[in-house]
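Going down the list, the sequences are from chains A, B, C and D. Sequential numbering of the first sequence, starting at 527, is according to the working numbering. Sequential numbering of the second sequence, starting at 527, is according to the working numbering. Sequential numbering of the third sequence, starting at 527, is according to the working numbering. Sequential numbering of the fourth sequence, starting at 527, is according to the working numbering.
Treat the hints as calculated values from the structure; they're not laboratory data. Heads up, a few of these hints could be off.
Each pair may be met inside one copy or between any two copies, as identical chains are not told apart.
As the list claims (entries may be wrong) - Restricting the straight-line Cα-Cα distance to at most 20 angstroms, the calculated cross-link-like pairs of lysine to any residue (SDA-like) are:
#, residue 1, residue 2
1, Lys831, Tyr540
2, Lys751, Ala839
3, Lys696, Thr860
4, Lys696, Gly678
5, Lys751, Glu670
6, Lys897, Arg641
7, Lys648, Glu876
8, Lys651, Asp743
9, Lys831, Ala817
10, Lys739, Asp765
11, Lys648, Thr746
There are 4 protein chains.
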Amino acid sequence: MTDTIGVGLIGTGYMGKCHALAWTSVKPIFGTGPRPRLVQLAEANIELANQRAEEFGFAQATANWRDLIANPEVEVVSVTTPNAFHADMAVAALEAGKHVWCEKPMAVGFSEAQRMEAVARKSGKVAILGYNYIQNPLVRQIGELIAAGAIGEVNHVRVEMDEDFMADPKAQFYWKSEASSGYGALDDFAVHPLSLLQRLFGNPTRVFAHQSKPYLDRPTAEGGKRAVETFDIASVLFDIGSISGVLTVNRSAWGRKGRIALQIFGSAGSIVYDQERMNELQLYRASGPAAVQGYQTILSAPAHKPYDRFIPAPGHGIGFNDLKAIECHELLRTIGGEKGRVIDFTAGLEIERTVHAMAQSHAEQRWIEPKRAGH
Amino acid sequence: MTDTIGVGLIGTGYMGKCHALAWTSVKPIFGTGPRPRLVQLAEANIELANQRAEEFGFAQATANWRDLIANPEVEVVSVTTPNAFHADMAVAALEAGKHVWCEKPMAVGFSEAQRMEAVARKSGKVAILGYNYIQNPLVRQIGELIAAGAIGEVNHVRVEMDEDFMADPKAQFYWKSEASSGYGALDDFAVHPLSLLQRLFGNPTRVFAHQSKPYLDRPTAEGGKRAVETFDIASVLFDIGSISGVLTVNRSAWGRKGRIALQIFGSAGSIVYDQERMNELQLYRASGPAAVQGYQTILSAPAHKPYDRFIPAPGHGIGFNDLKAIECHELLRTIGGEKGRVIDFTAGLEIERTVHAMAQSHAEQRWIEPKRAGH
Amino acid sequence: MTDTIGVGLIGTGYMGKCHALAWTSVKPIFGTGPRPRLVQLAEANIELANQRAEEFGFAQATANWRDLIANPEVEVVSVTTPNAFHADMAVAALEAGKHVWCEKPMAVGFSEAQRMEAVARKSGKVAILGYNYIQNPLVRQIGELIAAGAIGEVNHVRVEMDEDFMADPKAQFYWKSEASSGYGALDDFAVHPLSLLQRLFGNPTRVFAHQSKPYLDRPTAEGGKRAVETFDIASVLFDIGSISGVLTVNRSAWGRKGRIALQIFGSAGSIVYDQERMNELQLYRASGPAAVQGYQTILSAPAHKPYDRFIPAPGHGIGFNDLKAIECHELLRTIGGEKGRVIDFTAGLEIERTVHAMAQSHAEQRWIEPKRAGH
Amino acid sequence: MTDTIGVGLIGTGYMGKCHALAWTSVKPIFGTGPRPRLVQLAEANIELANQRAEEFGFAQATANWRDLIANPEVEVVSVTTPNAFHADMAVAALEAGKHVWCEKPMAVGFSEAQRMEAVARKSGKVAILGYNYIQNPLVRQIGELIAAGAIGEVNHVRVEMDEDFMADPKAQFYWKSEASSGYGALDDFAVHPLSLLQRLFGNPTRVFAHQSKPYLDRPTAEGGKRAVETFDIASVLFDIGSISGVLTVNRSAWGRKGRIALQIFGSAGSIVYDQERMNELQLYRASGPAAVQGYQTILSAPAHKPYDRFIPAPGHGIGFNDLKAIECHELLRTIGGEKGRVIDFTAGLEIERTVHAMAQSHAEQRWIEPKRAGH
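Turn these sequences into a full structure, and let the hints guide you.
Following this line, the structure appears as structure tokens:
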């Protein structure tokens, strides 16, 4: 008889739907592991909850997420609500003995993130964050190339993350420009490049950050103007041990839609990657005659595991949602006792620590060395 | 109560899995339409059938595809077996009153394809072919741009389809080099570009084709050599009314992995597309000052329906498998009485007719005008 | 004392200026060979001739090109006038004992080209055509890669040449749409790809061509319309021995500005090149692990001779005019008795022969095998 | 009668040859302005001087650059020697009443640069620096687009300059790793991006820099190791008024050959440029329907002045050396009393000031505001 696992889903927006699709397709894609049972789904109101349950194929719906956590059939909980709710929901789920799959960033404040991490560590349950970009088979390939010495010893890294959803100065002021929402691009975006850096090289050992505002104010619904309190742009110098680096993020970058651009320089080559062309990898190796040296454009292929679980032919391309299915599979492997490729709450807390160190650096205009946990 | 539809799946290889994933995710992705019930799955032997049923979530498994067709719970049948089986399975399913979703090409011989089309037409059921590349939201966008006159009147088209799975001359002779498998690249590949041409411009009115063999023989398992009987390369001149065009296909094209490259020239602009970068479209419009003219690289975005059903943010990228989910949705819409974006057996027969006309042109070294059906 | 060579230039338009720049810079660029003395320049009227002589640094000017050819100080003559004048000027110059550097195409009619070739052969002088694209260091590199077996045995080639100077249907009818100007894209453009093919693989052994008109008529100055007599588009299937190929040319291709795109497929790899990115070469070699295979983008560099004579650093880029300087250097080497990389009148005649065979194929709708000279 | 100008050239290496080519071709390219007379050339020894004079077409040669400066026929002096000689030569030339065209960077030390600027200002002669990248017609186009408001108000800029001539850790220690040669990438490379920033936006108002060493030591000829004293990598945060920015330079960046990548973000669009594809410009304008928004790839064309002086057809491509010819033309225009597009010693001094402020920032680990001159 098939092994199964009971799933609860809180939130059904952008990421909620992404989780639902992952839970639905993970078993046919990978062929192994338990079959997810879609037990219960929670939304802000019962009408929407019912509608989404029908669409996503969940058996039950509720407008009270605590009911979902109390549901004994639910074994793992997807938390995909706005950031402000992450801590309470994740903590409640863990304390109820559920595994947790929480979207990033962990929480709005650092102390909340610390609380989540402490509870997770004590719980003995699996608690991971939805850093899906590390799941791209080509990002995994980058890691393997570096580990295999394909570009020698890495000495310099640049990473950029840019989109343009805040680029229009005529767009009305909304909550993302309020200080209560966080720093701005730093917590909205920087966590993603940091997840890639952490996976590939480790956490920054020191940071120097500068945040800026492309627009000092934005129009209000009432026809006036309101001062912008968050920073849509952040530029950060950092070191990871002997690797020097630059991280820049901009959520007002007209023309950029999903850019996460990596440039990794080593003593024997370099690697370039951009999430907007997520099925391509650029590899330069300093060997052979000068006349035939140049970046190789490697298309994603079955050789880049687990692309082969999606498509047996190379160059056909996986999509953004497929990354979440891989993440789901890694979560299930971790729950099953294997060492999955995940960013758990302990690793995730270090990302949060870096972000807050960056904000501190901006405020104090000096290099900050994040104090890493020693467990 | 939710509307449902009973699904049978014959074949669980490359395309079989692709269908299974589409049937599984179509409802959560689109939110509307009947919920597929995964009733029964057929494979060559019962062990594999059982395993796949467990993986894909089908309730029953069988080693006899006729059982599946006889199953009254099955309302629609996915046919994803090798080409030689398509005709018998599709015909049997249609005659049993099922809708049919059959992979391309329709059949090995043209008369088989004609039989399928005739049965489908008579059946009153929906019978479509799996030409998934037309489902790319950007291909749909190309059609809308042309219809809106964005590039004026189209006068010239070039299309290439290239992969390299037959490129290695040292790879052993196998069935794809036998004449019994068909012409070669012409039926393996040309049907895909033809599906795009049909959707965008209509069917070729005349063709002149030349096929060629990159390797005259291939090694055998026994250490000898065997003459290659099929053509891995085909180059075709064609007209579609007043549009002139070139179609080239090559399954021995080292370096190409999933290339389907379109170049469309019109009186007011041009469009360039390559499936290897399936989330990008190049659009040139001959307007405005010369100093700022150039191809625009348009990234797939929610504005390109139904990308928005997968991801609400632009530039994040859908994947190859997502095209099959869109195709599944269009099939369900068609079954539901709407005018779905599908290539039914009647339209598909015209693609087959073109392919056979190409082969005839090669044999007779003259222009051939395919005799189109008039119904 | 420095060796010198006396130069005469007929025509000072697009190509005339390009020749003048080449004659001026060839010595400082290459450092070797005779120093060109800019003796005399001919233009349609003496005012323009005088002005250009002053600009280009020629000592004398004339409105009678026969004076220039009679000038004993002139040792080599650049012929850069409209095509209709090439034959008379080149023949006169050769008969006067001058070397000739004539722009392509050779002549409007094939018999004229034959006359030029016969005179050149008899003259014992150097007579070459201005096929500058073969001079790109990266095109030379392509030849070396193929010769070295980097992509194995070539079996298929595609080449496209596209620009958009005839793309506007509202542009007034002018001489390029008159039959007296030639076939259209076939002689305007096809000669360039043919020069590349000749240099890399030899001359086509058979051709099948189809020409088409994007616009059947064009507006006249008087406000009426006039039927277009030439073909702005041509598509050609060809063989060069066992290599199959496709050549397409379009001078009404909106968005294309200087595209000459080559795709060369071999048994061990492939090469892709586009003149619009003339400092880049794509090389795919089918070796090594599948996970790290992909096209290499090779930037032009000192290793690609004679790029090093222009710039000692890689990746800085040479330009279109630099190709003419290289051609000039190869001409001077040939005059000096070395085996320069040039297309002489005998080789050029074979290009003309191919073009006329293509036009014949279009007219007769059958494969044509050009009858190659045997000397 | 033709106006002429007497030219002296000191140094005949990489940039010396580049100047020689510019002096030779500037008149035929532009058609206007004085004709350069190549009067005298100076090199380290008379044999090389004589050889280069013969190659480059200079009338006289000398091994003593002071002779050249004393030559009354010389009216303008190209200084293309190693940086350490710039100051003495430029100052001597200016004091002798010559115009000066000096390669960048100005000098090794800031006080030397100040001396040069002071002498130049007093001299009444034209003294400019060889910042040729600002001469690219597409860079000029970027300036015009910004001035015309095509991307709204600029709020963020990123610029990178990377090459790999110092990337090999096994390459022997040479003078570029000695502290006496300067800071490293900061003065080798950063001056170029700074010239672009200055021309487009002005000089940085504050900077925060971090330099790093990819390799702590390098092998010596004797088989030992020697500590590297310069920084091959530098990363800098900066502001130019309300524009925030990041500048990174790396001369150990494997795979990069001539990369100078600009990303300019504004309130209504963005512009992206890379010198490795110097004939392409990316422009994004946030207008029109979302379905057809995307970066436009604009190829260099006659509309981008003075590309038209080189080639009358678009998309054919100019080269690196052509930039120096444009610079030469702008110098001659300035000498002629027009307002040329040049970076004179006063503007160049501000670039030097910025570089030294960056080095100071690195040393003191704080933001530095360069104290700009007020004249």
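Hints, one by one, checked against the model:
1. Lys831 / Tyr540: For Lys831 and Tyr540, only the inter-copy Cα distance (16 angstroms) is at most 20 angstroms; the intra-copy one is 26 angstroms.
2. Lys751 / Ala839: For Lys751 and Ala839, the Cα distance exceeds 20 angstroms both inside one copy (54 angstroms) and across copies (27 angstroms).
3. Lys696 / Thr860: neither (46 angstroms within a copy, 42 angstroms between copies)
4. Lys696 / Gly678: So Lys696 and Gly678 pass the 20 angstroms test across copies only (12 angstroms; inside, 47 angstroms).
5. Lys751 / Glu670: Intra 50 angstroms, inter 31 angstroms, cutoff 20 angstroms: neither.
6. Lys897 / Arg641: within (17 angstroms within a copy, 48 angstroms between copies)
7. Lys648 / Glu876: within (17 angstroms within a copy, 59 angstroms between copies)
8. Lys651 / Asp743: neither (45 angstroms within a copy, 48 angstroms between copies)
9. Lys831 / Ala817: Result: close only across copies, 10 angstroms inter versus 32 angstroms intra.
10. Lys739 / Asp765: The answer is between: 12 angstroms across copies meets 20 angstroms, while 25 angstroms in one copy does not.
11. Lys648 / Thr746: neither (46 angstroms within a copy, 55 angstroms between copies)
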